[in-house]
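Trainee: Whole structure, please, built from the sequences with the hints as guidance.
Heads up: the protein sequence lines correspond to chains A and B, in order. If you count the first sequence from 1, you need to add 77 to reach our numbering. If you count the second sequence from 1, you need to add 14 to reach our numbering.
The set of hints was computed from the structure by calculation and includes no laboratory data. In this text, all values refer to a predicted model and were calculated from it rather than measured experimentally. Even glycine gets a Cβ: it sits at the ideal position worked out from N, Cα and C. A hint or two may mislead.
As the list claims (entries may be wrong) - Ranges between beta-carbon positions, derived for each pair:
1) B:Gln87 x A:Asp222: 51 to 57 Å
2) B:Val79 x A:Glu227: 32 to 38 Å
3) A:Asp146 x B:Ser35: 53 to 59 Å
4) B:Ile59 x A:Asp146: 35 to 41 Å
5) A:Gln265 x B:Ser37: 24 to 30 Å
6) A:Thr206 x B:Tyr68: 48 to 54 Å
7) A:Asp240 x B:Ile139: 42 to 48 Å
8) B:Gly95 x A:Thr172: 50 to 56 Å
9) A:Glu196 x B:Asp69: 31 to 37 Å
As the list claims (entries may be wrong) - To give a feel for the contact side, a few chain B residues facing chain A, derived at Cβ under 8 Å:
10) Ala63
11) Tyr65
12) Asp66
13) Ile139
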Amino acid sequence: MATEYTESIENLLKDIIPQLPGAIRSVVARECRLAMREFFEKSLAWVTVVNNVAIPDGDVAIQVDDGDDNTEVISILRVEIGNATDGYQLARPMTRLPDKVEGTNSKPGGWYVTSNPDEFKLHPYFDGTATDDLRVTVGLIPAFDTAITELDLPRQITLKFYDAILNGTLARLYLHPAKPYSQPVLGQQLRHNFLRQIGYYSAQRKKGFNNSPNWSYPRGWNK
Amino acid sequence: MAKTYQDVVTEARVLLQDTDSSSYRHSNTNMIAMLNRGLQALARIRPDACYDLYDDNSLNVPELVESAPGAGQTIWTANFGLEMQFFNALVHYVTGMAEITDDEYTNDGRAAMLLGQFKMNVLGI
Chain A
78 MATEYTESIE NLLKDIIPQL PGAIRSVVAR ECRLAMREFF EKSLAWVTVV
128 NNVAIPDGDV AIQVDDGDDN TEVISILRVE IGNATDGYQL ARPMTRLPDK
178 VEGTNSKPGG WYVTSNPDEF KLHPYFDGTA TDDLRVTVGL IPAFDTAITE
228 LDLPRQITLK FYDAILNGTL ARLYLHPAKP YSQPVLGQQL RHNFLRQIGY
278 YSAQRKKGFN NSPNWSYPRG WNK
Chain B
15 MAKTYQDVVT EARVLLQDTD SSSYRHSNTN MIAMLNRGLQ ALARIRPDAC
65 YDLYDDNSLN VPELVESAPG AGQTIWTANF GLEMQFFNAL VHYVTGMAEI
115 TDDEYTNDGR AAMLLGQFKM NVLGI
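Mentor: The following block contains the structure:
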């Protein structure tokens, strides 16, 4: 789905800086970036589907890039194998590769192991030139070098997650030691609120933000 | 118009009643040295003050000189490179340190008050 980048860190600073006497603007912006990254990394509230990921030949890690300079892939949520004609089938996640790693030259096997936030391996791996491709659902976070004034942040930052990100940023700053704006008790309270909101939006994301049931037919049953 | 590091010394001279440029009681060299120590003290207790100057794994506290800056030095007529909230604090620091060095006309209580004011300005509200 398309992402509209209509927000900047500067928009958020306007609501944050008045609550921080003596704070350095660059430091506030940095903590805002870190709070956003923590929010999206823990809640996985920002997802996208990356289509046409090639299946490599051999036991090779597949690194997924959504092709957007404003984002980083932080999690592999779902891997499907197939093509536009025959459809896609869900691959199952595994914690680790089995003791014997095998290859196949027919339809690639239906398991995968995540080795990095944005990398995974198929099991069995494919031996040859694949005619299928992968459709991968990934979790995203904003890129770390997001400039303060650039409109590099998605609109859901202010549309949906505004209070959560404000709470997370303020909590981080209030917990700074020996600063004019240090407020450890208030920082703890806002941190608590921030973590609750992460859980709330994580639950919403698991239901697709539309209260849909979080299950699907087992493989082979929906044909 | 933007303030410069020299303006810190100029405003400190007003507090010291040492504004006669034909015969300064505290030389520019000494005042600049005090300002450099003030910048170091500021960076120690408020490392975020030099956040925008961070480069090469260092806070890069400005080292001011009166003329002919070398590598890593800044001429004191350059624009004040920190946030303006620290300008007043540095004026107090330079004034306080000048009071300490001036044993003929010094006021110890005033010197201690000014140095305390420096710390309170950067750490308190």
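Trainee: Would you mind marking each hint as holding or not holding in the structure?
Mentor: These are the hints, each one checked on the structure:
no.	hint	verdict
1	B:Gln87 x A:Asp222: 51 to 57 Å	30 Å, violated
2	B:Val79 x A:Glu227: 32 to 38 Å	36 Å, holds
3	A:Asp146 x B:Ser35: 53 to 59 Å	55 Å, holds
4	B:Ile59 x A:Asp146: 35 to 41 Å	38 Å, holds
5	A:Gln265 x B:Ser37: 24 to 30 Å	58 Å, violated
6	A:Thr206 x B:Tyr68: 48 to 54 Å	50 Å, holds
7	A:Asp240 x B:Ile139: 42 to 48 Å	25 Å, violated
8	B:Gly95 x A:Thr172: 50 to 56 Å	52 Å, holds
9	A:Glu196 x B:Asp69: 31 to 37 Å	32 Å, holds
10	Ala63	7 Å, holds
11	Tyr65	5 Å, holds
12	Asp66	5 Å, holds
13	Ile139	5 Å, holds
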